[in-house]
Structure formats: C-alpha cells, structure tokens
Amino acid sequence: MEQQQYVARCSELFAVGGHAAVRKAAEAGLDECGPDPALYRWLGQAHAAEDDDDHDREAETAYRKGLALAEDDLGLMVSYLELCLRSDTFDFPGRARRAAVLRERIEELAPPGSPERERVDDATGWAGRGYWDDLYMAAARGQAEQTAVTEQSVLVTDALRRAARGESAGDTGEDLRAAETAAAVELLQGARNAPCACSSRTGSPRTC
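Per the numbering used here, the sequence shown starts with residue 3, numbered consecutively.
Quick caveat, the hints were computed from the structure, so don't treat them as lab data. It cannot be assumed that every hint is accurate.
[To be verified] Distance windows between CB atoms, simulated:
#1 D55 x A17: 24 to 34 Å
#2 E120 x P37: 22 to 32 Å
#3 P95 x A166: 56 to 66 Å
#4 V18 x A98: 28 to 38 Å
#5 Q7 x G115: 27 to 37 Å
#6 D160 x A10: 57 to 67 Å
#7 D160 x A102: 49 to 59 Å
#8 G20 x P95: 30 to 40 Å
#9 A98 x E4: 33 to 43 Å
#10 V103 x D33: 23 to 33 Å
#11 E4 x A70: 15 to 25 Å
#12 R163 x G19: 46 to 56 Å
#13 P95 x T159: 46 to 56 Å
[As the list claims (entries may be wrong)] DMTMM-like cross-link-like pairs, simulated, lysine to aspartate or glutamate; straight-line CA separation at most 25 Å:
#14 K67 x D55
#15 K67 x E109
#16 K26 x E52
C-beta atoms are modelled at their ideal positions from N, C-alpha and C, and glycine is treated no differently.
Using the sequences and the hints given, assemble the complete structure.
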C-alpha cells in the first residue's frame, strides 16, 4: 500500500477503538514507506490512547521522531501537547516543561482566528477525545453520581421518619424495615453490594 492508504487505514481503525491494530498498521506503513510524520502521529496516538506509562513513553518517542522530520507539524505538536498535559508533573517533569514550549510554539504558528488555528482545533479532535474532553466528562459523571446519592439520602431519611411515626408502607405489601435497611446499605456501600429491597417470610432483607 501507499503512505496515504496506511494513514486512511489507521484513521478507520482508531475510529472503532482498534488501538493495537492502529499501531500495527502504522508500523507496517513506516516499514514499507519509510519515516513519515502522519504515520508517527497515528502511532503515537494509538500508544497514548492506552493511558499507560509504558505506552506513553512509546507515544512520546513516536511524536519526537515525527517532529524530527517535520518540526512545525501542528497535528504532531497538538498530540504531543495533550500527552504532556495528561502526564503527572511529579513523575514526568520533563513533559511538563515541554508542554509550555509546545503551547508557545503552537500559538506562534496558529494565532487565534487564523486558518491555521482551525487546523489545530481539528487536530485536537482528529483522533479521539483530547485531555480536556476527558476531564469535562469525568466532572459531569461525578456531578451525576453526587446527585444520585443526594436523592437516595432523601428517600432513606423519609423512610426512617415514616418508620419512627409507625406508618406502614401502604398497600404494596412491602416490609418497610427491610426496604429501609436495603436502602441504607445501598447508600453507604453502593448499589452493587447492597441487598435487594425484597423481604423474606421472616421480614428480613435478603440478597438477590
């Protein structure tokens, strides 16, 4: 295959999460077609996507090889910047320093509002989610989980208050004390480890 065919193949595989297959295709392209910035970028992205220290080192090696061939390649620089931003500054201080250099160089090559900056934005989302997208999604998940816990806490509190007043659970036939216990355990331990709200003939909560 030609270089462009290998690049297209890498893009297709990355889109479906085939990171190992992307690395294999990129390495095959480099072997057949020789050093190429685009293939090094895909190789780096496919390593970085594993989010593992060993793979991160391989990704950095690929990015640096690509930049040695095309030092102003915006796609390579943005991908490398994402890796540096994601790396722990204590364990990898060199990457933290390189992030500042890369950011400065990217801003020189692609100032805000320029056509080049649009290319940078495209490159950031070109091969999967970037660092900041993952950060925002993690924050949203955390907020959703907190909301669910708060709602569950209100339900448990209401159930306990009804029990203290001697109120029944209505005509559902459910053992209120069993439901209270199950809900409290779920709140404290999480739904995965909690007993179900069903009750046995003895009126005690049982595990489903």
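Agreement of K67 and E109 with the hint, judged by alpha carbon distance not exceeding 25 Å | holds (22 Å)
C-beta pair A98, E4: status relative to the range 33 to 43 Å that was hinted = For A98 and E4 the Cβ distance comes to about 38 Å; the hint holds.
Honestly, do R163 and G19 meet the 46 to 56 Å range at C-beta?
-> 48 Å Cβ-Cβ, so the 46 to 56 Å window holds.
Beta-carbon spacing of E120 to P37 - inside the hinted bounds 22 to 32 Å or not | Roughly 27 Å apart at Cβ, these two residues keep to the hinted range, so it holds.
Between Q7 and G115, is the Cβ distance one that fits in 27 to 37 Å?
-> At 35 Å between Cβs, range holds.
Using the Cβ atoms, figure out if D160 sits within 49 to 59 Å of A102.
-> Holds - the Cβ-Cβ distance for D160 and A102, about 53 Å, lies within 49 to 59 Å.
Given a hinted range of 46 to 56 Å, is it respected by the beta-carbon distance of P95 and T159?
-> holds (48 Å)
Does the Cβ-Cβ separation between D160 and A10 fall within 57 to 67 Å?
-> holds (58 Å)
At the C-beta level, are V18 and A98 separated by a distance inside 28 to 38 Å?
-> Check passed, 33 Å falls within 28 to 38 Å.
Taking 25 Å as the top limit, are the C-alpha atoms of K26 and E52 close enough?
-> holds (14 Å)
So the hint says 23 to 33 Å: do the beta-carbon atoms of V103 and D33 match that?
-> holds (31 Å)
Within 25 Å, alpha carbon to alpha carbon, are K67 and D55?
-> Judged against 25 Å, a Cα distance of about 18 Å means the pair holds.
Hint compliance for this structure: every hint is met.
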